[in-house]
Structure formats: structure tokens, C-alpha cells
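Number of protein chains: 2
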Amino acid sequence: MEFSEHIKTANVEDVVLRLPFQPPARGTLCITGHHLLFSDREADCCRRRQVLLLLRNIDAIEKRTGSGSSGTITLKCKDLSVIQLDVPGMEQCLNIAHSIEALSSLECVSEMYPFFFRPKDLSLQDQWGLSTPEKHYAETKELHERWRLSDVNRDYSVCPSYPPAVIVPRAIDDDALVKLAKFRHGGRFPVLCYYHRTNGMVVMRSSQPLTGANRKRCREDELLLQAVIDGSDKGYIIDTRSRQQSQQARVTGGGFESKANYDRWKRLHRQMESRGKALQESLIKLVEACSDQSHNMDRWLSKLENAKWLSHVQTALSTAGLLAECVERDGHSVLVHGSEGTDSSLLISTLAQLIMDPCCRTLEGFLALLEREWVQAGHPFQQRCAHSAHSHARLQQEAPVFLLLLDCVWQLWKQFPLALGFSEALLLRLATEAYASDYGTFLCNSDQERCIAGVKGNTHCLFQALLRPGEREHYFNPLYERMELAIWPSVHPQSLQLWEGFFLRWTQHARQLEENQREIRSMVIEWSKLTAS
Amino acid sequence: MEFSEHIKTANVEDVVLRLPFQPPARGTLCITGHHLLFSDREADCCRRRQVLLLLRNIDAIEKRTGSGSSGTITLKCKDLSVIQLDVPGMEQCLNIAHSIEALSSLECVSEMYPFFFRPKDLSLQDQWGLSTPEKHYAETKELHERWRLSDVNRDYSVCPSYPPAVIVPRAIDDDALVKLAKFRHGGRFPVLCYYHRTNGMVVMRSSQPLTGANRKRCREDELLLQAVIDGSDKGYIIDTRSRQQSQQARVTGGGFESKANYDRWKRLHRQMESRGKALQESLIKLVEACSDQSHNMDRWLSKLENAKWLSHVQTALSTAGLLAECVERDGHSVLVHGSEGTDSSLLISTLAQLIMDPCCRTLEGFLALLEREWVQAGHPFQQRCAHSAHSHARLQQEAPVFLLLLDCVWQLWKQFPLALGFSEALLLRLATEAYASDYGTFLCNSDQERCIAGVKGNTHCLFQALLRPGEREHYFNPLYERMELAIWPSVHPQSLQLWEGFFLRWTQHARQLEENQREIRSMVIEWSKLTAS
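If you read the protein sequences in the order shown, they are chains A and B.
If you're matching positions, the first sequence starts at 920 in our numbering and goes up one per residue.
If you're matching positions, the second sequence starts at 920 in our numbering and goes up one per residue.
One or more of the hints may lead you astray.
Intra- or inter-copy, both count: the list cannot distinguish identical chains.
[Unchecked claim] Computed cross-link-like contacts, DSSO-like style, restricted to lysine-lysine with a CA-CA straight-line distance of at most 30 Å: (1) K1222 - K1333; (2) K1448 - K927; (3) K1448 - K1333; (4) K927 - K982; (5) K1153 - K1222.
These are computed hints drawn from the structure, not numbers from a lab.
Only a predicted model underlies this, so the values are computations on that prediction, with no experimental measurement involved.
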């Protein structure tokens, strides 16, 4: 299919662009296969204003008949910005709206912009990604005695959402893995994601066991978990569903690890919002509340409460805190899972690693963590981030789990401004890129899909791009001081705040804050240079 | 009366002291006329822990029978801290509690601690106070042509709550002032509090006119207001009551400036919480919400909404913004008043001056502003700050108006971290000192009362003490850069936040934040030293 099929009107003159906090501008609008381009009429090219918007960033489009024969198009973007275009001529207006609608919701991965984005300073030969299970294993020498790297999933046949290599106990061979993968939802058998150097305990993640109504067992699964705690008295399973939910899951073939068959594992249930729909609705309500222009304080606080977003933040952080306590304070290994093992499990394991491991708190360390625990571990980005808070499309697989992670990381960053090596700007950039990007990192739903689509050979990697010298300086934290200890976040409701940098980013207030922060940041950077020399 | 009458048991051994986040300590408790002193048993005097608490800081005291023959005393302080004492022997416990109750609520000003506080590095001969109407007038040369300094109130007979000197239009003589004072509630006739240098407009404040049910007039009052806008087309009256409230006030002898008699003044009504009781209840609810230990996010947000404190903050800031808009943007003079002119009028005029005038935003400028607009302008500190959020005493004249001011200033400071020359620590210190202090600044209810009690000759001035070299370094803002423009705060509910530094100051979370801020602050100070040299 050619993009041009979707473009009936490529150029429109005399369009008025309205952006928040800027005077309206009159100029030419141009629609290409992936972008909306606006240039104003300013004769002096140095002062000419150009706006380039990735069509993929558009979440919802609203058309309205204007006065006379013109029409107004309102574009609600996935980064929460809202753009308005006054287009002369109703037909032109409808053509433009139609093109934007079609081109912003292309489904075919290889037609998406990352396959066309060719910046001069990046080469497709550049190394893709920062971390893989292979690298992780190679770097963690302490693992080698009792753990091995298995390539049982090299052709993605054992678990379609896992990467080709995974870290498992040495005591379990590949044949056993093949068997026990059948016993776990979507084949997501327990794999190691974190080794805690100070006491040798580990964090594993998986999906739920398929015990079903008949309480099926799987000897290999039991042996694997047995091998994990070999030499220790017990381990913990953190189930991100309530006890009742995990019991009900048996009806549809799922289930949990029973005490009888996993006698040295203690199950802890912490109910997280596992249904993506509820989380998505929470985001929609929150964004609606944030854009409420009434000056009513009670209404705002009541809407904020009603959105329940901060409750989700609190639950995620406190469950991650629980996991970290089991490992760091109680000295036991932990397996974390919910139902599918592609959402809340990743959220919890990532946050727990940030809490416990100083290596994950550097700029590179954090990006590598996201690479391993989200991109490669099979978080279905394409499904989850298909729409953001504005779309009226029927919600299906959408869920802002990754955004919830970033919000939780921001809360950590806010509570420990010296302990994290990256800036708020990085979290904001990631929140934008996950929904619409020039890069291939967040394309597709799994490593297998990316492999089939040729993502690694034909697109650039965001994480590598963020670490380039020119970019890096925006994203490091000049206040950062490495701290070896765990950082225990306060999860009191009084300690958690709305992430205003993200949710209020298009308000005047946020502009002011941003400007202040920029100035303070540059002072601190100056300071560090001076004291370093 | 001797303090010793109240002290049946001066020393108790073997008392256990429990403070938040500290291990319990066992030692000796000692009650003096103004303090509670605890020293632990640590033999090494360098490590010995001593706690000295001003009894005046105690808001509420609770007694409980402990196990065996001991008793527990819980002290809830006006600075929101909570201290627990386990005292052996029920009789001793009751004696101690009785002494604390009596001594913490002394009513006689000259018995209070500021009259006994004699620090070595301050002399009673030191100049008292930073600013007076005299100084203010002398410094503002532009005023001299049309305004004069009147000492009509030199013996406090015209207005008992005003200072001896006030700034009024030259066109109005003292005889007229005497007459028109009778026409204003409590004698608080309109006086100048701010001159806006860029356009020559002024801010006046007063109390309500006593028009009563018969719509009385006062020719002198009308002439004074006429003289204020001489040469301009109109002025604004900002009435901090609703239109209905100001009409109802006529029933009890109060009233408002009618259009008929003040034809060049436009009245704007902005309802603020004028009843002190409602504001006090709001504070009590907020503090209760902040100490809620449940981990329930919904409950917290619902309590926060229900307390309505943030609504009061919003109303105060937006009314001050309105005043500043009238003066700075619209170019007209403003008179602000509510009923008594000792609370919300001061709140609004102070905030408006901070918004408009860079001179008020320095450390000295801010303290001088508080001196003029609160201490000398007759805010009844002794009545308003008699109790804080914990007392079960029947509320009478209490109202946290000054605390509300500090909270609003903190919101400004948060929104404009570079524009204010003082630190959050200053606001916290002032919030504590207003309720219980070693200094005489916040004693009594008016200049007259302070004069009668001999406060200036026999106590030290807090504001002068804060500016001493050793103290000053805690209270200046190292990021401060003078900005000539007005700073317009955002008053969207989304932009206003709970002042966690104050309301959550005794939680673990706040400790963490404080520590971080201290570290960042010292970095920035280092940086400024380096770049200055």
C-alpha cells in the first residue's frame, strides 16, 4: 500500500495553527506519510515557525464546522498535547482529517516511521540495545556456578514472548524447560531477572501456573522452583492478584502454586489492577481531571481521588517494596507473577531492582533495565500503547502499565533526588516515545515479532540514541551520587504526588516550573564542573 | 504570681521520652517556669541527649494510666510535633501534667518567656523591628507630594489597633481622620500600605464602614477615598466578603461603600473565609488527615478535600492576584477590607505586595513587610495563635490566618523558586515562632498592647535575630535572582500543593526530603561562592 492513497490533499495554504501558550500562526499545512508539517508565512526564514508532528502521536481527531466554509480540526495527542487547525474549505478540511485518521492508525509495523527514519549521525550498523540476558549473565559471574544460560527458546517455540536466551537453574535441563513451559500461561516459565549480590538471593518472574480446576501438577515446575531455593529454607511467591482472584483463575485454566506441591514457597497476595481496562480508564479520568479548567479546588481533589491513578501508583510501589524487603531484609528469593506475566510482574520486578540495586539507578543502568525487563521480556508495547487518554476507540488491549512504571520511578526520583542518575526529562521522553517514536525500540509486542519485522536491522535503537553525547546531557542527573544502600520509598498516601511534569505538562504552570528547573539544573551543572576541575 | 506555685514536682527521675523516629530515651525530666527539660542518662556528656521544650509550644496534653503505677503523658505541640513521656508513679505523673497545663497557658504577657530570654549575643538596646510607617514613608520619596505621615494616633486613641503613625492623603487633616475613624469598624480608617512605583497607584487597607441599617454616611470618609484617586478616573474596593455578607453586615452596624456615595469606586466582592472558626476547623481537619496512618489513598484525598485548607489557599492567592491586577495591569488604586480589617485584608495586601514588589521579596524586605503589615498593622497574634490544631479548648478568637499567609507564600516560593530571597526554612521558623517563641515579636494583639506591656524594652525582636550572620545563612535563598517584574502565581487547583514541609514535617518522608534539600542547598551555596570569587 502506498501512503499516497491516503492523501487526497497534501498541501493546504492559509491554515491557522493554535498551540497552547502561543499566538495563532497562519501558514501552510502539509501531510506526508508519517508527519504533519506546518510552516508559517514569516518571510524571515530564521524566525519562521515550523511544527513537525508525528502522525502516530495523534490519539483522537475531532472535526468541527467553523464559521463560513472553513472547518476546525482538533488533534489530541498521545503525549497529552492538544493542537487545533483552522482549515479553509470544508472539503479540504475533511480530506485532511481523513488522511490524518488513516495514517495515524497504520497497523503494519514495517510501514511505520522508524523504518524510514535515517538520522545522519546514526548508522544501522550501530549496536542495537544495551542489555540482553546473554550480557546480563556474562556480567554476573556469581551466577555461573548454580545458573546457566539456556537457548531453549532460540526459535521462540517454547515461549513466543520470551527472548531467545534466558537464565535458569543449572539443575534444570532444556527438556524439562520445554515441559514446564506448557504448564505456564503463554509458556512464560520462571526465569531469573535479578541476582542480589549482597546475599546471593534472586528475583524470578513468570506467568501463572496452569493448574486449572483439576489442580494439575508439573513435576518439572516444582523441581525448578526447588532448585531456585536450594540451600535456603524457603522462598516467597508474590502473586499480584488477590487470593480470591488466583483461585478463580483455576476456572479458566490458570491457577497458583499450592502449598501442598510447593511446600517451601510462601505465597503472598497483593492485588494489583491486573485488568488493563481499569488502568486505562484510570488514566483517561486523570487526564480529564487535569484538563479541567474550572477553578474549583474541591472538584479537582474529588476528581483526582476518583481517577484512582495515585492508588495504582501506591499499590505498585508498595508491592515492589514488599519484594525488595523479602530479598534484601528477609534474605529470601522471590518469584513474582500475576496472570500473564507481561505487565504487573514486570512493573514490580523493575521497581524492586531500582530499590535494591545501585547499578540500575545510573542512566545506562536504568535504560539497560528497561531493555531487559520490558522490551525483551515481552511487554506488548504495540497493544498496550496503541492509544493514550484521548481516544474514543473501544479499549481492547490498551493499558498504561509502562506509564505507571515511569510515574512510580518519578516518585522514587522525587523522594531520592540524589540517588538516581537520570533526570525527569528522561522519564518524560520515554513516556512520549513509548506511544509514538522515530525509533524502533517500542515497536511490536515481543522479541519474536521484532525479529520477524526486521526491526533491529532496519530501525534505530532509542536507548543507544539517548546515550549519545549531545542527548546524554539532557538526561543525566547532575545531583547524582552513587549510593550503595537500598532506597526505600515512602508509600504513605501523603508522600505520593501527582506527576505534574507529565500530567500537567501542557499547562502554563508546568512551563514555569520547567523553566525554573532548567535554570537550577544549569547552575548545578556549572557547579559540578567547577568542583570537578 | 510565682511560677513555683504551679510546680509541685520539679524533677522526676526515670522518665522515658518518646520522640518520632528516635529510640526511646530514659532520663530525668525537669519542669521550670517556661520549659520542660529532659536529659538522658548517658554518662558521656558529649553524647547526652537533652530536649528543651518551651511549655508555650504545648497545645494539648493527654494523660493515660500506664501499666503498673506509671502514667503516660502525651504532649501535642503547636508546631505539630507529638512527644510522649512515661512517668513512674501516678501522683508524680498527675503533678507533672498539672504543671504543664497551668504553665503552658499563662495569660499574662509579662510572665511569658520572651521577658526572661536573655541571649548573650543580643542586647535589649538593639534596635527593635525593621520597618515602621515612619521609615516606610521616609524611604518612599515619591509619596511626599500627595501623602503625609499623620501621628493622629500617637496615643492610640483614634484606633487602638493601629500604630502611632499612619500614611494618609495630604488633603485630609487629622480632625477629619478622628471623625472618619468613628465611621470605620474598630477605628481602622483607610491608610496607605503600598505605593506602586511604576505607575504611582496605591494599595490602602481599612475595616468596613459602619453604615448600618440606616445607610449612614461620613463625608470625611468619602473625601479621603476621593483624595486617594485624585487625578485618576476610578479606584477599586476589594471587599473580602460576598455581596450578600456585606449587605447582611448592615444589620449589626457594619456595611459597605455604596455606589451612590462613592461613585468613583468600583466594588469587587471576593468571599474569603472571614469566620476564624471555619479556618481553625479547616486546620484541625487537615492536621488530622496528615497524621492518618492508614495506607488508604482514597481516604487521604477525600480528607484533604474535606479539610478545605487548599481551597482557602486558593482563594487567598487568587484574591491577592486580583488586587495586583487592578494595580499593576489595570493601573488603578485599591482599597481592601473585610469586616474588621485585621485578618483577610492583611493577608491579601501582603500577598499582593509580594506579587508586585521585588523589594518585598528579599529576606529583609519580606520580614519588614511582615513587621508593617502584620505586627504593626494590628493582627491580633495573641488571640489568633493561642491554640493550634490539637487543642480541645473551645475555639474563640483562634484562627490560623498568619499560617495561611505563610502557606500562600510557600506556594509562591514553590512556583518561583528563584524570585524570593528567603528559604522554606524561614517560613517554617515563622510558623513555629508565631505560636510559641523566645522573642517578643508575636506577643500581644496590637502595638498599643505591646507598648503597655513594655515588649520593646524587655524582649528581643525575632526579625532582627533572624538577620544575624549566624542565622541568616539558614534563611536566605541561594538561588535568588532579583526580578523586577510581578510574579503571577497560578491559582489553578492543579497548581497548588499541600505544604508538606510544614504539615508533614514530623513524618519520615519529610525527614528524607529535608535531608535531600539540605544537601542540594549546600551544593548551590558552594556553587555561588565559587562563581562569585
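Checked against the structure, which of the hints given earlier come out wrong? As far as the earlier hints go, 2 and 5 are violated by this structure, in ascending order.
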